Structure formats: C-alpha cells, structure tokens
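Visitor: Letter by letter, the chains look like this.
Number of protein chains: 2
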Amino acid sequence: MKNILLSHGGGGEEMNELINELIFKYFDNEILKETNDSAILKIDGEIAFSTDSYVVTPIFFSGGDIGKISVCGTINDLCMVGAKPLYLSVGFIIEEGLSFDEFEKILSSMSKIAKENDVKIVCGDTKVVPKGKCDKIFINTSGIGKIIHKIETKNIKNRAKILISGDIARHGSVIVAARDEINLESDLKSDCRSLKDIVMALFENNIYPQAMRDATRGGLSAVLNEWANFNKIEILLNEESIKVQDEVMGICELLGFEPYDLANEGTFVLAIDEKDSKKALEILKNFNENASIIGEVISDKNSRVILKNPYGVKRFLEYPKGELLPRIC
Amino acid sequence: MKNILLSHGGGGEEMNELINELIFKYFDNEILKETNDSAILKIDGEIAFSTDSYVVTPIFFSGGDIGKISVCGTINDLCMVGAKPLYLSVGFIIEEGLSFDEFEKILSSMSKIAKENDVKIVCGDTKVVPKGKCDKIFINTSGIGKIIHKIETKNIKNRAKILISGDIARHGSVIVAARDEINLESDLKSDCRSLKDIVMALFENNIYPQAMRDATRGGLSAVLNEWANFNKIEILLNEESIKVQDEVMGICELLGFEPYDLANEGTFVLAIDEKDSKKALEILKNFNENASIIGEVISDKNSRVILKNPYGVKRFLEYPKGELLPRIC
Chain A
1 MKNILLSHGG
11 GGEEMNELIN
21 ELIFKYFDNE
31 ILKETNDSAI
41 LKIDGEIAFS
51 TDSYVVTPIF
61 FSGGDIGKIS
71 VCGTINDLCM
81 VGAKPLYLSV
91 GFIIEEGLSF
101 DEFEKILSSM
111 SKIAKENDVK
121 IVCGDTKVVP
131 KGKCDKIFIN
141 TSGIGKIIHK
151 IETKNIKNRA
161 KILISGDIAR
171 HGSVIVAARD
181 EINLESDLKS
191 DCRSLKDIVM
201 ALFENNIYPQ
211 AMRDATRGGL
221 SAVLNEWANF
231 NKIEILLNEE
241 SIKVQDEVMG
251 ICELLGFEPY
261 DLANEGTFVL
271 AIDEKDSKKA
281 LEILKNFNEN
291 ASIIGEVISD
301 KNSRVILKNP
311 YGVKRFLEYP
321 KGELLPRIC
Chain B
1 MKNILLSHGG
11 GGEEMNELIN
21 ELIFKYFDNE
31 ILKETNDSAI
41 LKIDGEIAFS
51 TDSYVVTPIF
61 FSGGDIGKIS
71 VCGTINDLCM
81 VGAKPLYLSV
91 GFIIEEGLSF
101 DEFEKILSSM
111 SKIAKENDVK
121 IVCGDTKVVP
131 KGKCDKIFIN
141 TSGIGKIIHK
151 IETKNIKNRA
161 KILISGDIAR
171 HGSVIVAARD
181 EINLESDLKS
191 DCRSLKDIVM
201 ALFENNIYPQ
211 AMRDATRGGL
221 SAVLNEWANF
231 NKIEILLNEE
241 SIKVQDEVMG
251 ICELLGFEPY
261 DLANEGTFVL
271 AIDEKDSKKA
281 LEILKNFNEN
291 ASIIGEVISD
301 KNSRVILKNP
311 YGVKRFLEYP
321 KGELLPRIC
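Heads up: the protein sequence lines correspond to chains A and B, in order.
Count the first sequence with our numbering and you get residues 1 to 329, in order.
Count the second sequence with our numbering and you get residues 1 to 329, in order.
By construction, these hints were calculated from the structure, which means they are not laboratory data.
As the structure is a computational prediction, the values presented were derived from the model and not from experiment.
We treat Cβ as the ideally placed atom computed from N, Cα and C, and that holds for glycine.
Check the hints yourself; a few may be wrong.
Capping the alpha-carbon separation at 25 Å, the derived lysine-lysine pairs in DSS-like fashion look like this [what the hints assert, rightly or not]:
1) Lys33/B with Lys232/A
2) Lys131/A with Lys136/B
3) Lys146/A with Lys232/B
4) Lys42/A with Lys146/B
5) Lys146/B with Lys120/A
6) Lys154/A with Lys25/B
7) Lys232/A with Lys131/B
8) Lys42/B with Lys150/A
9) Lys2/B with Lys33/A
10) Lys33/B with Lys154/A
11) Lys154/B with Lys120/A
12) Lys157/B with Lys279/B
13) Lys157/A with Lys42/A
14) Lys232/B with Lys25/A
15) Lys154/A with Lys42/B
16) Lys33/A with Lys321/B
17) Lys131/B with Lys321/A
18) Lys131/B with Lys131/A
19) Lys301/A with Lys33/B
20) Lys157/A with Lys314/A
21) Lys33/A with Lys136/B
22) Lys25/B with Lys321/A
23) Lys33/B with Lys157/A
24) Lys285/B with Lys33/A
25) Lys33/A with Lys25/B
26) Lys33/B with Lys2/A
27) Lys243/B with Lys131/A
28) Lys33/A with Lys150/B
29) Lys2/B with Lys321/A
Here are some chain B residues the structure puts well away from chain A; computed CB gaps all over 10 Å [unchecked claim]:
30) Glu46
31) Tyr54
32) Ser108
33) Glu116
34) Lys157
35) Gly256
36) Glu282
Label pairs and their calculated CB-CB ranges [stated by the list, open to error]:
37) Pro58/B with Asp44/A: 40 to 46 Å
38) Lys150/B with Lys150/A: 24 to 30 Å
39) Lys42/B with Phe24/A: 54 to 60 Å
40) Asn3/B with Lys112/A: 37 to 43 Å
Based on the provided sequences and hints, a complete structural model is requested.
Guide: If you want it as structure tokens, here you go:
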C-alpha cells in the first residue's frame, strides 16, 4: 500500500481503512471519531465561518507545504474578523497515485499547525480522482471561530493608520522561484504562518483594529484597493516604509513582478485608529521586526490608493490585473 | 468573456469582476456582500458542521448537476444529525477554459436549491487551475445548521427497525450509464434531492429516529456496515422489501454491480424505535412511495449485516470493496 488508489475514495472498505488508520491517526479528537455525517459543536455568541480551497504547486515549498497553508490560511481568515479559530473541516481531492508518504507528510503538517493553534479538525471528506484529473492533491478547509471582537472591512475611518505585519511578497516569490526552477541561493522562506497569536496579542493589549486582512492572492495591492473601493476612501502609502527582502526584490526584478501584487501567506494589513498605532506597531514588531506603519487614510472619498516614493513622486497603486501567478495558494 | 481564464482566479481585477458580477448575482445576501474574510453569523445552541467536495462526472446528468448535488449533499449531511441547515460556504476549483455558460448554469442550480431550502451561501472561494490540472470544475461546500433534535450514529438500539426513504441505486446507475455511454432508453433520473423537508416532516410528527444516514458513496451496504461495526449490532434485512427500479436492476445486471453498493444522493436510511416505525413509514411514503421498512436490528453483538432473500436464504451483506465507481459525487 504505497500509493493512493481510486478505491481509497470509493466509499467502501479501502476508504474506511484510509480514514481509520491514517487520517484519524493525525486528526485525533472525540468529535471526529463519532463518525456522524456532521460534527456536533457548541459555541455561544457570534461565530465566524470561512472557506478556502488550496491548489498550490509545488505542494512542498520552502517554508511550508499545502497542508500547512491550508490550515494556516483558514485560521487566518477567521482571525481577520476578530475570531478565535476553533474548528476546521477538511476536504481532500487526491489524484490517484499520490504516494502515502507524501500524503502522510501533509497530514502531519496539518495536525501540527492545528494543535499549535488549539484548533480541532472535526469533519472531513476524501475524494480520489483518476490520474490526470487533478494535480497531486487539492485541499479545502472551512473553519468556525468564536468572535472575540468583531472586526469588519466596512469600519475603516478617515485618518486611520495603515500598518503591515511584516515584509511583503515572500510567499509569492518562493512559489514563483520554485516554479520556474530558478536556483534560489538564499534561504528565502515563505511567510506561511498562523496569525492567531499576533491577533490575540493585539486584543490582549486592548488594540482593536478597524479592519484587518491577510494579503494573500493579489498581495498588498488587492487588499488596499478592495478597502478603498468598499469604503470609498483614499489611502496614501509611503513606499520606503514597505519592507521587501533583497532576495524578493531580486526575483521581482528578474521576472517583472511588483512586490505589492505578490501573495503573502502570513502577513496582514491593519487599519488602526491613530492613537493606537504606535502601540500596535510595537506588538507587531515582537513577531516580525519588518512590521511598519506604511500609510494612512487621507480622505473619505475618491476610492483610490496612492504610493509616494522616497523622492515624493506619487503614482496610483492599481488593482493587480492579468495572470499574476496561478496556483499560489 | 466566454470562458474562465487563469486571471479569474488570480486575486486581481478579473477575479473581482467574476465575483461581483456573476457569483454575487446568484448568491445574493447581505452577509456575503460584506466581503469580510469570514462570514459573521449568530446561532444559539448546538450547531452541526459538515463538509464535502464534489468531483462528479459528467457535471450535468439526468436529474441534477454538480451544483445541485453540492448543495443538496451538504444540506443532507446536516439534516442527518437532526439539524436545520442554515449556512453554506462554497469553494470552486475551476479548470481554465470552462465556459461561462456552464459555470452560470451551475451557479443558477446552486442558487435555486439553496433558496428552496432557505439556506444562505455566506462565504466562498474561487481558484482557477491551468487546463489539464483538474476536470472542468470541483466544488466544495461546507455547511452549518442548528441542531433541532440531536441524532447520532451511536444511539442505535437492539430491536430498532431499519427503514429506507425510497428505492435505491438510482444516482449511481445514472452516472455509470452516462459514463459508459449506454443509451438509456428510459427516463431514469438521479434521486439527487434535499432531504430537509422529509426530516422536518418527521420531526413535526414527533418522530425522532435513533440514527439517520444518507446512503451516498458505498450505498446501502456501506451505511449498514458502518452502523453495525460502530454499534456492534447485527442487522437483518429482507431483500424483497428493498425497492430497486427495473432500469436500475438492468444496469446493475449488465455491468455487474450490486444495487446495495451503488450511490444514492437523496435517499436515506433510518433506525427507528419499533413503536414509531409505521408512522415514520407513512410520512416517508408521502415523499416516495418506494419507502419501506427493510429490516431490523436483531442483536447487540456480532457487528454484521445479513440479507435474507424471498426464499429465506441468508447471506452477509459485505462492506463494498474495490473500485466501485470513481467520481460518483
């Protein structure tokens, strides 16, 4: 039994074995083991609910893998609305022939991150499709969290400071480099990580951002343009305060990308009341010294994002467009 | 704009357009339109949480399509634990080149079923993968429901009657017939449907089954063997009480399948206290006249399922095994 076969997804004895002997080994909790059609949970108050499918290639990359990203990504989406992540579902779509070793590495990675974040994987589904009908493995995770302090995109106010939790574009750069078989001579790693501890640290210090958003597909440009459009606000950014690692800048220059457009998987943007912004920055810097205040909301009209370079020259930071980079997450 | 392009999944302007102009047109509700990273919901008491990925081929089949099945399937999983389905997430993985027409037909189908069942699609995700990296479209739905009366697999008691809500194996037969390009000269349709109204009708009549399970992949055999193993019970079935349509039997005989092993997508098995079984049957028959009492739990040991034919001859109904039929749902 070295590779996943079609019969592992057939709903019969082999699927039962795969679930009981392998999947339950890693996702071990009482709720999952009840084997009901749905998990039964008890949460009081408001809840957050989010979903993401992960199709990243390669499935193992510097700083993470599709398992890690699939758990972190949904944890992060829950955190961004001010929720404490509690429960995840997982749906595997596996290409016939995936090795058990690879699958087990992915399960192990998911289990580790879930445990570190005190999150339980409570329901799941496994499909196997014939060779050539998907690419190794796709993973969907959906998540439920308990709202600690509700944070919504619509609440960004004029004069809010815009902060970022670290340097940008590392995940996108790692993936594009792996994809194009550039030989990375650095130890550049994806920023893929859970943001739960950072968000909880802000809350413990009574910092409640007006809005938060992890800058995944479409990068910083997409988040800020979405915010500008949704709230009809104008955001001014100082280019020099946005940190980009040298290796990332090298890859961007080589391949013609803007770091603002490239995906992050553990870096988030915050809109914060000015009075809280310095304290927030201090807290963010405990996790990544490249965190910084990168700009502010300068008007409650116009729906646009402006980038000012060190010489004072301004340009629009547009919504990313075209085929950025498929299968980044 | 006739086909889905890679750029529709890139996180940039094109994806934004696809979501705002097409997806929001069909999944129109206030929660989704807040465009937060997670939907924010309020539910009191116990909740049910379930997930399924759908990879069925062909994506349009007699009696349904991948959109209908993806909404009904998760609604049904929630109903099976005694929950009223309330909220769904949807994750699309689309192969570059899928036509907008086909995608819109799927969205329309999902929207229709969700509305009929008073279920809101509150969060979603869209990925596009290059041609040849998936097959047209895969859909994950996860769902949240409010527990009305908790129903769990572990509660099946000795002497319970086993009921089924209709004739079996229609979905599996329709898919295998479409797959092998048999020319169906009948109007055989998949049983694909939501079970919400049936379960709610049982509850309204104070019928609370000990357990319920929709007999999808692995069919009736898988459900009953899982129940027998989990509860260490012995189940005796009367073969002649299990209805199979003639066309279904024909397909099974032609292709060497057992109808007990073939998938259903809107037919469920119930374990019911003897005193309630006749009333339950009456209610089930209002929805499908082929509903019947098919057997009973005859022992609280042995973990096995026995099938008795009209001549009184008994055999074990085994767990299905091998490559039943890939991509049935």
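Visitor: None of the hints should be skipped; say for each whether it holds.
Guide: Results of checking the hints against the structure:
1. Among the hinted pairs, Lys33/B with Lys232/A is consistent with the structure: their alpha-carbon atoms are about 15 Å apart, no more than 25 Å.
2. Pair hint Lys131/A plus Lys136/B holds up; C-alpha atoms about 15 Å apart against a cutoff of 25 Å.
3. A threshold of 25 Å between alpha carbons decides the hint, and for Lys146/A with Lys232/B the separation of about 37 Å lies outside it, so the pair is violated.
4. Proposed proximity of Lys42/A and Lys146/B is supported: the alpha carbons are some 10 Å apart, at most 25 Å.
5. Taking the CA atoms of Lys146/B and Lys120/A, the gap is about 20 Å. The hint holds against a cut of 25 Å.
6. A threshold of 25 Å between alpha carbons decides the hint, and for Lys154/A with Lys25/B the separation of about 21 Å falls inside it, so the pair holds.
7. This hinted pair does not check out: Lys232/A and Lys131/B have alpha carbons roughly 37 Å apart, beyond 25 Å.
8. Taking the CA atoms of Lys42/B and Lys150/A, the gap is near 12 Å; set against the 25 Å cutoff, the hint holds.
9. Distance hint between Lys2/B and Lys33/A is unfulfilled; the C-alpha atoms sit about 45 Å from each other, more than 25 Å.
10. Pair hint Lys33/B plus Lys154/A holds up; C-alpha atoms about 11 Å apart against a cutoff of 25 Å.
11. Between the alpha carbons of Lys154/B and Lys120/A the distance comes to roughly 21 Å, so the proposed pair stays at or under 25 Å and holds.
12. With a C-alpha separation of about 19 Å, the suggested pair Lys157/B and Lys279/B falls inside the 25 Å cut-off, and the hint holds.
13. At most 25 Å may separate the alpha-carbon atoms for a hinted pair to count; Lys157/A and Lys42/A exceed this at roughly 35 Å.
14. Restraint check for Lys232/B and Lys25/A: the C-alpha separation of about 22 Å stays at or below 25 Å, so the hint holds.
15. Taking the CA atoms of Lys154/A and Lys42/B, the gap is near 19 Å; set against the 25 Å cutoff, the hint holds.
16. In summary, the hint linking Lys33/A to Lys321/B is supported, as the alpha carbons are separated by about 22 Å, within the 25 Å threshold.
17. A threshold of 25 Å between alpha carbons decides the hint, and for Lys131/B with Lys321/A the separation of about 20 Å falls inside it, so the pair holds.
18. Under the criterion of a C-alpha separation no larger than 25 Å, the hint pairing Lys131/B with Lys131/A is consistent with the structure, at around 14 Å.
19. Between Lys301/A and Lys33/B, the direct Cα distance comes to roughly 20 Å. Compliance with the 25 Å bound is thereby established for this hinted pair.
20. Proposed proximity of Lys157/A and Lys314/A is supported: the alpha carbons are some 22 Å apart, at most 25 Å.
21. A distance of roughly 33 Å separates the Cα atoms of Lys33/A and Lys136/B; the hinted pair therefore is violated under the 25 Å criterion.
22. This hinted pair checks out: Lys25/B and Lys321/A have alpha carbons roughly 22 Å apart, not beyond 25 Å.
23. Distance restraint check for Lys33/B and Lys157/A: the Cα-Cα separation of roughly 19 Å lies within the 25 Å cut-off, and the hinted pair is therefore satisfied.
24. Restraint check: the Cα-Cα separation between Lys285/B and Lys33/A comes to about 33 Å, which exceeds 25 Å; the hinted pair is violated.
25. Pair hint Lys33/A plus Lys25/B does not hold up; C-alpha atoms about 39 Å apart against a cutoff of 25 Å.
26. With a C-alpha separation of about 45 Å, the suggested pair Lys33/B and Lys2/A falls outside the 25 Å cut-off, and the hint is violated.
27. The suggested pairing of Lys243/B with Lys131/A is violated, with an alpha-carbon distance near 36 Å, which exceeds 25 Å.
28. At roughly 16 Å between alpha-carbon atoms, Lys33/A and Lys150/B fall within 25 Å of each other, so this suggested pair holds.
29. For the proposed pair Lys2/B and Lys321/A, the alpha carbon gap of about 18 Å is at most 25 Å, so the pair holds.
30. With a least beta-carbon separation of about 5 Å from chain A, Glu46/B fails to lie farther than 10 Å from that chain, contradicting its non-interface assignment.
31. For Tyr54/B, the requirement that its beta carbon stay farther than 10 Å from each beta carbon of chain A is not met, with the minimum near 8 Å.
32. No Cβ of chain A approaches the Cβ of Ser108/B within 10 Å, the least distance being about 21 Å, so the stated non-interface status holds.
33. Separation of Glu116/B from chain A is adequate, the least Cβ-Cβ distance of about 20 Å exceeding the 10 Å criterion.
34. The beta carbon of Lys157/B sits about 17 Å from the closest Cβ of chain A, which is more than 10 Å, so the claim that it is off the interface holds.
35. Under the 10 Å C-beta cut-off, the non-interface status given to Gly256/B relative to chain A holds; the minimum distance is some 15 Å.
36. Annotated as non-interface, Glu282/B keeps its C-beta farther than 10 Å from every C-beta of chain A; the closest such distance is 24 Å.
37. At about 44 Å, the CB distance of Pro58/B to Asp44/A agrees with the hint of 40 to 46 Å.
38. Evaluation of the 24 to 30 Å hint for Lys150/B and Lys150/A yields a pass: the beta carbon distance comes to about 29 Å.
39. In this structure the supplied range 54 to 60 Å is violated for Lys42/B paired with Phe24/A, their Cβ-Cβ distance being about 32 Å.
40. Separation of Asn3/B from Lys112/A is about 40 Å and conforms to the stated range, judged on CB atoms against 37 to 43 Å.
Hint compliance for this structure: hints 3, 7, 9, 13, 21, 24, 25, 26, 27, 30, 31, 39 are broken, all remaining hints hold.
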